[in-house]
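> Starting from the two chains in their separate frames, assemble the complex, guided by the hints.
Chains as they are written, first to last, in numbering that gives the first Met the number 0: chain A, 0 to 543; chain B, 0 to 385.
Since the hints were made in silico from the structure, they are not lab data.
Note that the structure is predicted; figures quoted are calculated from it, not measured.
None of the hints are false.
Computed, partial: chain B to chain A, Cβ under 7 Å:
(1) F15
(2) I19
(3) V152
(4) D153
(5) W156
(6) I163
(7) K164
(8) H166
(9) W169
(10) T170
Cβ atoms here follow ideal geometry from the backbone N, Cα and C, with glycine treated the same way.
Residue strings, one per chain:
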Amino acid sequence: MLFNLTYTTLNFLFFVLVAMLLYFLFPVKKYKWTVLLAASVFFYAVVGYKFAYYILFTTLSTYLIALWIEHVSKQSKALLKEKKKEWDKDQKKSYKSKIKVQKRLIMTLALVINFGVLAFLKYYNFFAGSLNDVLGSFGVSFSMPTLKLLLPIGISFYTFQAMGYIVDVYRENTAAQRNPFKLLLFVSFFPQIIQGPISIYDQLANQLFEPHAFDFTRMKHGMELILWGFFKKLVIADRANIAIEAVKGKYGEFNGTVLTFTILLYAIQLYADFSGGIDISRGVAQIFGIDMIDNFKRPYFSRSINEYWRRWHISLGGWLKNYLFYPIAMSNVFITAGKKMKGTRFGKTAAGAHVSKVLPTSVASLIVFLVVGVWHGADWKYVAFGIWNGGIIMLSILLQPLFDGAVDKLHINRKNPVFIGFQIFRTLLVVLVGYVFDVVHNFGEGMYTFGKFFTGQNLSEGIAQIGTLGLLWQDYVVIGLGSIVLLVASIIQERHPDTDIRHMLDQKTFFVRALVLYIGVMAVVIFGVYGSGYNAADFVYMQF
Amino acid sequence: MKFQKKVTRTVKVSVFLLIIMASCLGLQQYVLRNVDHNSLRVEGFYQEDSGSLDAVFIGASDMYTSFMPGRAYEKYGFTSYLLASESITSDGVLTAVKEVVRTQKPQLVVVEANAFLYSDDQNDQNQAHIHKFFDNLPFSLNKLDYIQKNVPVDDRWEYIFPLIKYHSLWTEYPERFYMMASDLTLDMRGYNYLKGFRTTAQIYKSKTPSLNDQIVTEHDTLPLDPKLESQLRELLDYAKENNINLVFVRAPHYVTKETYDRVKRSNQMAHIVNEEGFSYYTFESDARDIGIDDQHDFYNAEHMNVYGALKFTDYVAERLVKTEDLKPGYLTEEQKEGWKEVSKTTNQLYRYCNDMMTKGNGRGAQEDVVTLFMLDDYSDAPIERK
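This is chain B alone, in the form it adopts within the complex (with noise of 0.2 Å):
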C-alpha cells in the first residue's frame, strides 16, 4: 500500500512537472518569443532533410538578401540555403558552419565576409545581434560552446532558456500575432518556402555618388580589427581540421566614402584568405561584370533589391558551378518537387516585389505569413532577364 501510494504520488508529480515544463516550452517556442524573419529562416535550416543541401550560404544580411536560392536550383539545379543572420558575429559565423557541418554535408560552404570587417568588435559584443542569431539556434554542444565560451555567467540561462528574456513579450500581443502564425505554419509545413531569403521592395535612390568604378581597381589594404582576424583564423583551422569546402564572397553594396574602408578590409581579409588556402571572391569588386545598376538594384547603401539579386545569383551560381565544381546532387522525387515549389515561390516573390517598387509602396517580404498571402496573386512562371 504504502509502495502503491509513493508510485501513484511519483506519477502525480512527474506528470505536473511535464505539463509546466511542456507549457514553458510551448511558450518559448510559439507564444513568448521575439519572432522574426531571422528566427523564421534559422528555424528553416534545421527543418532541411539530413544532407540535402549542396550548399549553404553563412553571412549577415548582406548575404540573406543577396542570393535566391529558388533561383539557383531553378537555373543550376543545385540546392542550397541561407543560414543567415542580421549583422551576425564572427562568432556566430563559426558557429553557423560548425552547426552546418553537424547537420548537413554540403559540397559546399558560402561565407559573407562581412562579420570581420567592422573597424571595432562592437558588433560582436552587440547583444541585440548575438540574440538575434543565438536564440534561434537549438540547443546543441556548439551553442553550448559558444555560451560557455562568451556570455558571462549571470546571462547563461537566457540562452538556454530565452523564455527568460522574452516573457514579457506578452504586451505586445495582438500585433504578435501574425509573426507567432508564422512560426506556427512554418512549423506545421515542415520546410521554408524562400530558403532564407528577405528582402525590401523598394529601389535604393541617393544623392551620395557610389564609388563602385572606383574600387575595382583598388588594391590597398587595412588591418582587421585583432579579435575579428583571430576569429577569422579560428574559422580558416577549423574548416581545414575538418575538412571543409569553404569559400568567402563579399556581395555588392553601395559603396561611398564612408564605407570605403570595407573595401580595403576586404582585400586585406582576402589576402589572409587565400594565404591559408582557401577562395574569396570580391564580387563587390565585379558589381559592373554582374551586371549591376547603382541607381536601380539596391534597396539601402548595403543592400541589393531583388533586381539586385536576381543577378548576383545568377552570377554568383554560375562562378560557383565552374570554379568550384558546384553540382546538383541527389534528391528524391518529393524533394525535388518541394524544391520547384521553392523556385515557384521565388519568382512570385521577385514579380511581387517588382509590383510594389512600380507601384512606389516600398515594403518588406520575406516567409511570413502575410507576404506568403500576398504572392498568391503573381505568377510563378520562371523569371527572364532582360
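The following block holds chain A by itself, in its conformation from the complex (with noise of 0.2 Å):
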C-alpha cells in the first residue's frame, strides 16, 4: 500500500468526498462513470498497486472473450437465419449443438485462465505442501517447491466477478460489453473491490454507467450506512479482535472455558466486521447513487443452516447458486442417476422416492459447500469447514420428511416461539462448530478445541485467563453494549423486513434523529478501535 486507504481510515474518507464532489460537479454527464472509473483505478493503485497486472488481465482477458462469445453467437444467428429454409430440423440442431459446444469451450477458456491464476496464487502452496506430504509418506523424496505467492488484493472477488459476466454472456443473458474501460469499472469499482459484495453484471453495471445527479436523501442514508458500518467494525468488531488474537498467538495455553468464550466472541466479531464493512461499501456506493445488494439479512436468526447461508454472504452464496450449483444439479448425470435410484427397489421406497427427488440437489449442496470452504482457503481446515456445513445440509435435505414427521408427532407448532427459539440455537451451535475451523490455524488444533470443549471447562481459570488477553473489563462492556444495540437493530429489521431502519429514523422529528446520529458518530470517536495506538485489523474477509 502507498499509503492506507482502507475503508476505516480517515483517508479513505477524505478520499470519498473527492470523488464525490468531482462526480457531482463533473459537468459532461455522459462521461460521469469516468470519474467512478478514475477513482476506483486510483483507489487500487494506491492499496494493491504492485498486482495491478493481475487485475488488468482478468478485465482484459474477460473484455475479449465476452466479445468472441458473442460474436460467436451472433455469426451463428446469422447464419441459422440465412440457412433458415435451406437446412432441414436436424442440419439445424447439429449446427446449434456444435455451436453450444464452441461457445461452451470458449467460456472454459475464460473460466480456466482466471481461475486458473486465482487456483495458481491461492492453492499452489497447499497442494504442493500436501503432495509432498504424500509422497514422503511412501518414502518418495522429490518434493515440489513451495512458492513465495502473495495474494493480489480482492483478487476472489474481482475474478468471481467477471467470470460471472462471462457466463452470463455465454447464457446470453447479458450483452458483452463493448467499451473496455466500462468492464474495467465493472470489475474494479472502488467500494466492493476489498471484500465485495459480488454482483451481477446486469444489476450493477448500468447503475455505474448511468449518470446520477446529486440526492441529498440518498447521501444521508448512505452516510448513516457508512456510520454503522464504522461502529460495527470499528467498536465491536475490531475490540474483539483484539481478544481473539490474544487466544490465536498461544492457543495451547487456554482452558476450554477460554476456548468457548473465544468462538462465541469471534462469532460476534466476523459477522459485525464483515457486515460492517459491506455496509461501509454499500454507504459508499448509495451516495453515489447506486444500489449494490445486501450481503447480509440477520443470519443468527436462522431456523436451519440451509437458511443461515441464505442470509449469510448472500452474494457470494448467490454466485454459487447461479453457476455452480444449478449446473451441477441440474447436470445430465445428476438427474439420471437421481431417475435410475427411483427404478431401483429402494427407490420404490418412500425414503428412496423421496431420496432419489432431493439427491441431486444434495450432493450439489455438498460439493458447493466444499467449494465455498476452499474458497476461504487453502488448509484442510477450510475442507473440513465445507464439509461440515455441506454434510449438514445434505443431511438436513435427506432427512427432511424425518424431523417432519417428528415435528408432527410430537404436535410442535411450528410457529412456537419456544420451537423457533429451539431452531435458532440449533441452527446457531451448528455454525459455532463450524467457527471453530475458522479461528484455529490449522485442522488438528481445530480438532484439540473440540476435545477441550468437553474435557477443559473450568469458570474461575478462565476467567481469569480472559482477563490477560489484551482487553480491560471496559472493553468487555463496550462489547458487550454494542452487542445489544446491534441485536435490538437486528430485532427491529426482522420485524420491519419491508423497510429499513433509516427510513423508519427518517419519520422522526429532528431532534430525535439528529439525537441519534450524534450518539452513534460520538460512539465511534470515543468507543472505536483506531489510531496508531492499535494495529488496525484488516477486514477478515478482505484475506480470502
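Below, the structure is given as C-alpha cells:
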C-alpha cells in the first residue's frame, strides 16, 4: 500500500469526499462514470499497485472472450437465419449443438485462465505441500518447491464477478460490454473491491454507467449506513479481535472455557466485521446513487443451516447458486442418477422416492460447500469447514421427512416461539462448530479445540485467563453493549422486513434523528478502535 | 417553498455538523487528551500576551527544571517563559524557535543544547517524545511544515487531530480527572503561574562520584551525530535569516563516566555555534562558580532540584543581563501584577519543595491543581540565599 486507504481510515473518507465532489460537479453527464473509473483505478493503485497487472489481465481477458462468445453467437444466429429454408431440422439442431460446444469451450477458456490464476496463487503451495507430504509418507524423495506467492487485493471477488459476467454473456442473459474501460469499472469499482459484495453484471453495471445527480436523501442514507458500518467494525469487531488474536497467538495455553468464549466472541466479531465492511461499501456506493445488493439478512436468526447460508454472504451464495449449484444439480449425470435410483427397489419405497428426488440437490449442496470451504483458503481446516456445512445441509435435505414426521408426531406448533428459539439455537450451534475451523490455525488445532470444549472447562480459571487477553473490563462492557445495540437493531429490522431502520428514522422528528446520529458518531469517535495505539485489523474477508 | 426547504435543511445540517465538531474539539482539548506537565507548559506559552516576554527558554527537561522565570523576574525584572518539553527533539527545538518568532518578539531566545547532544538520532525518532511536544502545539504553518517533512503519511492525521491517537484514554478515568481539571483551570485562568517550571522535591544521593570538577578543564571534543548537526546548522541559518538573538546554554548535570561523552559533544557544539557567530554558555562547566553542590542540588543525575535551580537561575539571569544586554521590557500594570503573582508562587513552590525534601517526601511539583492547592500553606516572601 502506498498509504493506508482501507475503508475505516480518514484517508478513505477524504478520498470519498473528493471523488463525490468530482462526480457530482463533473460537467459532462454522459461521461460521469469516468470519475468512478478514475477513483477506482486510483484506489487500486494505492492499495494494490504491485499487483495491478492481475486485475488488468482479468479485465482484458474477460472483455475479449465475452466479445468472442457474443461474436460466435451472433454469427451463428445470422447463419441460421440465412440457412433457414436451406437446412432441415436435424441440420439446424446439429449446427446449434456445435455452436453451443464452441461457445462453451470459449467460456471454459475464460474460466480456466482466470480461475487458474486465482487457483495458482491461492492453492499452489497447499497442493505442493500436501503432495510432498503424501510422497514423503511413501518414501519418495521428490518434492515440489513452494513459492512465495502473494494474493492481489480483492482477487477472489473480482474474479468471481468477472466470471459471472462471462457466464451471463454465454447464457445470453446480458450483452457483451463493448467499452473495455466500462468493464474495468465493473470489475474494479472501489467500494466493493476489498471484500465484495460480488455483484451480478445486470444488477450493477448499468447503475455504474448511468449519470446520477446529487440527492440529499441518498447521501444522508449512505452516510448513515457508513456510520453503522463504522460502529460495527471499529467499536465491536476490532475490539473483539484483540482478544481473539491473543488467544490465537498462544492457543495451547488456554482452557476450554476461554476457547468457548473465543468462538462466541468470534461469532460476534466476524459478523460485525464483515457486515460492517459491507455496510461501508454499500453506503459509499449509495452516495454515488448506486444500490449494491445487501450481503446479510440477520443470519444468526436463521432457523436452519440452509437458511443461514441464504442470509450470510448472500452475494457469494447467489453466485454459487447461479453458476455452480444449478449447473451441477441440473446436469445430466445427477438427473440420470436420481432417475436410476427411482427405478431401484429402494427407490420405490417412500424414503427411497424422497432420496432419489433430492439426491441431485443434496450432493450438489455438498459440492458447493466444499467449494465455499476451499474458497476461504487453501488449508485442510477449510475443507473440513466446507464438509461440515455441506454435510449438515445434505443430511438435513435427506432427512427432512423424518424431522417433519417427528415434529408432527410430537404435536409441536411450528410457530411456537419456544420451538423457533430452539431452531435458532440449534442452527447457531452448527454455525459455531464451523467457526472453530475459521479461528484455529490448522485442522489439528480444530480437533484439539473440540476436545477442550468437553474436557477443559474451568470457569474460575477461564475468567482469570480472559483477563489476560489484552482487553480491559471496560472493553468487554463496550463489546457487550455494542452487541446489544446490534441485536436490538436486528430485531427491529427482522420485524419490519419491508423497510429499513434508516427509513424508519426518517419518520422521527429532527431532534430525535439528530440525537441518534450524534450518539452514533460520538460512540465511534470515543469507543472505536483506531489510530496508532492499535494495529487496525484488516477486514476478515479481505484475506479471502 | 422549495428554496425555503433547502435553506432550512442546510441550516439543520450545518448546526448538526458544528455540534459534532465542537464536541470532538472539546473532547480533544480537555477530556481525551494526554495532559501532563508538558501540555500545561506549552499551552501556557500561547496564553502569554504577544510581545510581553523578554526571553524565551527552549529545551528539554534540563531547561524546565533549571530556570525559574518567577525568580528571574523578581531579581532582575525581565520576563521569560520556558517553552520546553520532555526530551524535546532537534526538530522540536527548531519548530519552537519558529513559534517564538511567530507569537512573541523576545530580546533573547535561549536554547538548551540537550537535543543536539545525543550519540545518535534515536531521540528524534522517538514517537513519545515527538508527540509530547507537537501534540500540544496549536495548529500553525510551522506545525504543518514539521508534519509534512517528518511524519509518515499514514500518521499525519494524528498530529492534526490528536483525538485519533488519544480517544481511548476514556479507560483511564477517573484517575485522569485531576490533570483534566488542571488543564481546564489553566484555560479559565488564562495564564501559567510557574511559566513552565517543574521540579521533583528530592535530593539525589549517588555512590558514583561526580566528574563535575574534571569537566572544568575538559576541552576535548567528539563529533555530533550527523543528522543532529545538520539540524543545528539549519537552526543557526534560520536564526541568521530572521535576525534572532539566539544563545545556547548547557545546564549543569551530575556528570559521570557514562555521560562524559556528552560534555565532549557539548564542546564540539560550542565550536560550531561560535563559528557561526552565536554565543554558547557551557554552564555545565561553571557548576562550581554557580555554587552547585553535587550532594545537595540535584534530584537525579540529569536534573537539578529547586536548590540547584535557584542558584542556576540567579547565575544565568545575571550573565544574560550583563553579556546579552537583557533588559526588562515594557509591561502594563496588570501584567506587572501578574508577574508579581508568578514570583510569589515560585517562592511558595520553593518552600513547599524544601519542606517535602526535609520530610523526605519525594514528589513532583508542577502547574497542576494538586500542587497549586498545596502551595497555599507556604509563604510567598522572596527567598534569601544563604
